[in-house]
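Asks: The chain contents come next:
Number of protein chains: 2
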Amino acid sequence: MRRKLIIVSNRGPVTFARDEAGERVARRSSGGLATALRSLLHHHDVTWIASATSDEERSLAGAAVELEADEGSPYRLHLIAHNEQAYDWFYNVVANPMLWFVHHSLWELAYTPKVDSAFHKAWQEGYTAVNAGFAAAVLAELEREPGAAVFFHDYHLYLAPRFVREERPEATLMHFVHVPWRQPDYWRVLTRSMRCAIDDGLIAKDVIGFHTDRWRRNFIYSTRELLGEDVTQRTVTAPISVEPAEFEEVAESEAVLAAEREIVARRPEKLVVRVDRTDPSKNIVRGFRAFELYLDGHPEMRRRVGMLALLDPSRQEIPEYAEYLGAIEREARRVNDRFQENGWMPIELQVGDDFPRAVAAYKQFDVLLVNAIFDGMNLVAKEASLVNTQDGVVVLSENAGAHAELGDWALTVNPFDVDGQAEAIHEALTLDAGERRRRLDAIRAHVREHDVNAWLDLQLAALDRVATTAQR
Amino acid sequence: MRRKLIIVSNRGPVTFARDEAGERVARRSSGGLATALRSLLHHHDVTWIASATSDEERSLAGAAVELEADEGSPYRLHLIAHNEQAYDWFYNVVANPMLWFVHHSLWELAYTPKVDSAFHKAWQEGYTAVNAGFAAAVLAELEREPGAAVFFHDYHLYLAPRFVREERPEATLMHFVHVPWRQPDYWRVLTRSMRCAIDDGLIAKDVIGFHTDRWRRNFIYSTRELLGEDVTQRTVTAPISVEPAEFEEVAESEAVLAAEREIVARRPEKLVVRVDRTDPSKNIVRGFRAFELYLDGHPEMRRRVGMLALLDPSRQEIPEYAEYLGAIEREARRVNDRFQENGWMPIELQVGDDFPRAVAAYKQFDVLLVNAIFDGMNLVAKEASLVNTQDGVVVLSENAGAHAELGDWALTVNPFDVDGQAEAIHEALTLDAGERRRRLDAIRAHVREHDVNAWLDLQLAALDRVATTAQR
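Sequence order for the protein chains is A and B. Following our numbering, the numbering of the first sequence begins with -4 at its first residue and continues without gaps. Following our numbering, the numbering of the second sequence begins with -4 at its first residue and continues without gaps.
It cannot be assumed that every hint is accurate.
Just so you know, same-sequence chains aren't split out, so a pair can sit in one copy or run between any two.
Derived pair list, reagent style SDA-like, types lysine to any residue, alpha-carbon separation capped at 25 Å [what the hints assert, rightly or not]: (1) Lys265 x Ser68; (2) Lys116 x His421; (3) Lys109 x Glu418; (4) Lys109 x Ser309; (5) Lys265 x Glu318; (6) Lys109 x Glu324.
Note that these hints are calculated values from the structure, not bench results.
Go ahead and model the full structure; you've got the sequences and the hints to work with.
Replies: Right, here's the structure in full:
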C-alpha cells in the first residue's frame, strides 16, 4: 500500500553544498537513521522536513522542493531555515549535550550539569523555538495533504508534536526514539516543567517506537511516574536495521576494496576492530584500557595482535566531546608508549570520517569490540557482521540495543568491567573456527531476516492499528 | 511486647577508646541510624553486632559483651574484628565509593568507575569476606537465641543475609535500606554477578524496608528486572525519624546555648543555613552557586544575608571525597572573593564535626537549604524544623526522601537547577511571617506524630505479619 508520509527529522536524507564550479551538489547523509529512512522514498509518497544546515540549504528553505532519490523515486524536501542563534542553542546546548547525556546517563551528577539561566534561555529560545519551527512546517504540509501520517524522529523533536496536535487533533502522529530511554529518576536531571514537556510532547503521538523492549519499558514506566499516564498500548518495539543487499554491494565497491588492500597489507595476525563516533557514550577509553589489560595478561600475543580504532570525530563544538577526544588520544598514547616495539603498535587510532575504510575494517576483523555505555541500537554490530570474511567474533555490551537481538551469538560484556572486556577479547581470539562461524552465521541470518524493511513494516503496521481503531 | 532482636549494622551504638588516663571511655555514635536504633534498647532484648573500628574495640571483639544503654537498659554488643586489609577494601573501595555512588547516581559514567581486577579482588576478599564475618557472628547469636529476629542495616551488609539464610532457613530476617534505591539500569554499573548477588542477598529477607515509596518501588522494579522475582509483599515503607523530646532537650543544653550565643552575636539580618557531611550527594557546590545567583539578582540583600555552611568532613580517605571537599572550598572562596566587603562574608564555611553548633544553627536559620542530589531521607530537615526559633523556611530537594513527607510545607527545588534554587531562597526570604509559621508548624506536627518510634513500629508490625503468615 502506497502511503502519504511526512517524515520529520533534524537531518535530511541528503545535504546540499556548492562545488568549486559553483554547481549545487547533493550528497547522501551518512548515519543509520537517514540511510534507513531513505528506503521509504521508493515505496511511498514522502515529504521530508529537516533543518537547513548550510548556506546552500538555507537558500532552498521555506517551501518544499521536488527531488528524486537515487533510484529515481520522486519525493519532496521541506527545509527549515532556523534562526542561527536559536539553532545553536537547540543543537549544541539542549539536544547535545543535555538530552543526549540524559539518555545515556553521562553526567557526573556531583558537578554537572548546572541548570542555570543560560540553560533556561537555551531551552526556551532554542529548543522550544526550533521545535515550534518544525511544527509550523508540519502544519503547512498537513494543510496541503491532510491525510498524511507524520513520522517524527529522535530526541531533537520532543516538543513539536504537541504543537501540531493542538492545531490538528485528528492528525496521525508517530515518533521514533532512537536513543535509550532512561528510567524516571534520571529524568529528574531536568526541571519538572522540562521533563514533563518532553513526556507530554511524546504522548501527543498515536504511536511511539523504540528499538528494544527495555527502552520501551523505561518509557512506559517514566510516563507513569512523571505524568501518571499509561501509554503501553501506544508503544511499539521495532529494532532498526540495515539493507543487507545494499550493504554487501558497498563492501565490494572499488573504494572499499582499495581500503581493504591497505589494511590487509599492514594488519597483524589478529585484528581487533572498533568503529565509532568519538562520543562519550561509546566507551572508547575503557576499550583501550581493556586491550591493555589483555596484553598484560597475554604477553605471548604482543606483536601478533593489534586494535584498529576508526573514530569519526563527533560534535567537537561541544566541550564535553572535545574533552573526550582528548581522553581517547591520551589513553591510546599511554598504552602504545607502554607496549610498542619494532614498528608494532598495539592501538592504531585513526580519527576521521572514512566510510570505505570502516567497511574494509568490518571485513577484516577477528574481534569487533562494541562496548558502549548505553546505545539505542548500534548498527556497527549488524553491518560489520554482514560483510566480515574472517569468521570474526562480536564482543557486545549488554547496554547496546543490539544486544537484545544478537546477545545469544556475541560475547556479552559489561561496559564498566574492563577486566571482563579483556577476558572477552581473549575468549574471542581463542574460540575455535566452527564456533566462530556458527555465531557469525546466526547473526547474519538474523540481520537478513530482520532488515530495514522489517523495521519499517513494524511501524507501518502499528500505524494501521491506530487507523483501524480510529475508524471504529 | 518485649522482643528478642539481633541488630546488625556496620557501626555500633557506641564507640570505645582509651582516654589519657588509660581508662576505657564509651561515646555514643553520632549519625541518624545509630541514634534511631538506640531507642530499641529500652524496650527489647537486643544483641547488637557491629564492626570493631579501633584497637580498643578490637580488644573487645569476638564474643558479646554485656553493656548498659544510657538510661540503664542492658543489651549485648558483639563486635567483629575483621581483617584490616579486608575491612579497608570492604569500606573504602566497595561500600564507598562504589555502592554509595551507585545508590546516589554519582559516577561520571564516561570515565568512572573502571571495574578492574583490583575491584574484583576488593569485592571478593573485602566486601564478601566482611559480610561472611557478619554472617558468622549472626549465626553464633542465633545459636544462642534461635527465636530472635535479625535486623540488618544498610548497604554495607547486602551479602550477609544470604549466608545466614543458607544455614538457617527458618530465621526471621529483616533489612532496612537507608539509601535511595536505584532503578535497574543504574545497577548495571556493576557486573551481572555482583548486582545479582546484592539483590539475591536482599531478597533472602522476610521484610525489606525503605524510607519512601519511591525507593521501595525502585527496588521492586529492579528485582523484577534483575532476578525476575516479585517481592512487593515483602517490602515496607517506613520513614526514619527523630526523637522529638530528646532533640528539644538537646537544643536547650548548655553546649548548644553557648554555640547559639556565638551565632547570634555574629549573624547577619537573614541567615541561610546548611548542615551536611561533605558528601558529593549533598550538592554543596551547586548550593553555593545558587547563593551566588541569588546575590546577583538581589544586590539589595548583600551585607544583609549570609549563608552558614556547617560541614562535617566525610570519608576523606576516599579520593572522590577528598576532591569534593576541594571543590567545596574552591567554590566558597570564589563566591566570597567576588562579593565580600567590610567584614561581610557571603558564605561562612566551617568544616568540622560540631553537633552543638549544628543544633544552634538549626535554631537560628531563616532558610534551611537541603538541595541533595539524592538522599535516602535527610534528617536535618526534620531536626532543624523541630527546634527553629525564627519561623524559618525549609528549601528541600525533590530527590530527598524527606520530600515525600515534608514537600507540601517546604519550597521544592530540583537539585540540578541552580537558578531555581536561587529563586527559592528569594521566595523563602520574602514569605510573610504567618505563612512561614504555618509551614513550620505543619512540619513540626508531622515529625512529632511520625517520630522514631513510629518508624520502629512500622517495621515491627511488618515483622509480626511475617510471623503470623509463617504460623498459618
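Asks: Each hint should be assessed against the structure and marked as holding or not.
Replies: Structure-based check of each hint:
1. Lys265 x Ser68: neither (44 Å within a copy, 71 Å between copies)
2. Lys116 x His421: Between copies, since 20 Å is at most 25 Å while 50 Å is not.
3. Lys109 x Glu418: between (38 Å within a copy, 15 Å between copies)
4. Lys109 x Ser309: both (23 Å within a copy, 24 Å between copies)
5. Lys265 x Glu318: For Lys265 and Glu318, the Cα distance exceeds 25 Å both inside one copy (31 Å) and across copies (42 Å).
6. Lys109 x Glu324: The answer is between: 18 Å across copies meets 25 Å, while 27 Å in one copy does not.
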